[in-house]
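Residue numbers (the working numbering), protein chains in the order written: chain A, 4 to 139; chain B, 4 to 139.
There may be inaccurate statements among the hints.
For identical chains, the list gives no copy identity; a pair is met inside one copy or between any two copies.
[Unchecked claim] Simulated crosslink set (EDC-like; lysine to aspartate or glutamate; CA at most 20 Å straight-line):
(1) K109 with D45
(2) K109 with E46
(3) K18 with E64
(4) K109 with D127
(5) K18 with D127
(6) K97 with D85
(7) K109 with E89
(8) K97 with E82
(9) K109 with D11
(10) K109 with D85
Just so you know, these hints were derived from the structure itself, not from any lab.
There are 2 protein chains.
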Amino acid sequence: MNIGQAADASGVSAKMIRYYEQIGLIRPPSRTGSNYRVYGSDEVHVLRFIRRSRTLGFSIEETSALLALWQDKTRASGEVRDIASEHISALETKIAELESMVGTLKHLVHCCQGDNRPDCPILDDLAGTHSKTKGH
Amino acid sequence: MNIGQAADASGVSAKMIRYYEQIGLIRPPSRTGSNYRVYGSDEVHVLRFIRRSRTLGFSIEETSALLALWQDKTRASGEVRDIASEHISALETKIAELESMVGTLKHLVHCCQGDNRPDCPILDDLAGTHSKTKGH
DNA sequence: ATTGACCTTACCATGATGGGAAGGTCTATC
DNA sequence: GATAGACCTTCCCATCATGGTAAGGTCAAT
């Protein structure tokens, strides 16, 4: 299997497959006589694992740890759960931050006439020219 | 005022002030005879505006647009509201994605024993070795 | 043999920020 | 004055994950 076919089969772009190899996330595959990378179903399986992990928002580093645990037959599932739990916490923090932003912005948009007058509470808030943003 | 003092007064690092100047977000300030940048309260005001905008998650590009509108006395507040509304939508999409990730991960963690057995539903899900992840 | 689709490596770009080096300047103290 | 230390200047590099592009080699079908 060529890299393009492995890319199609795994959903990871050829560009990324080479990158993952370069940073040591995956092993260098064997090559043909003309220096083409050759992949088998095992490699595709690994690539799918990586893709799913990335889709779930795990960083490359976390993905690398999960991959090692996956391939380690003697692993303890507690380690995996810890990684996932910490990732959940990080995601929830991020969500809370975004929700806070959205809350502020919605309030500002609600207060904004949206007409042609030069007054604009959104800009006023950004400029910090008034005392309070929140609290009706 | 030197760049360090402007940084302290605005909450934007000196490094970032120079960067904003370099990309054209802010105007180059005047210089002393010894080539030091000199800032006044107007510049600090602009920097605070930028900082607040970035804190609310607006990109540099969006911040640039908002800054132009802020400094345009004849602006229509509708434009500002449109930028903010679109940003809210983008943030909400992001939040929904993150919540979806968290939902999946929580389910997986819930199913994971966290003991020393090699079975781990989280890894199984990442590997895609079973039919369903969701749906109890 | 030619063509077109694929592969290879190598370099550059993103967005926003931080780090550091090498060298110049200002201020306070001796 | 001189010296020390805190500041300033520019320039380059790194991040993180991904995409693009260019120059050149290879394969399969016509």
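Quiz item: Checking against the hints above, which ones are violated?
Solution: 1, 2, 5, 8, 9
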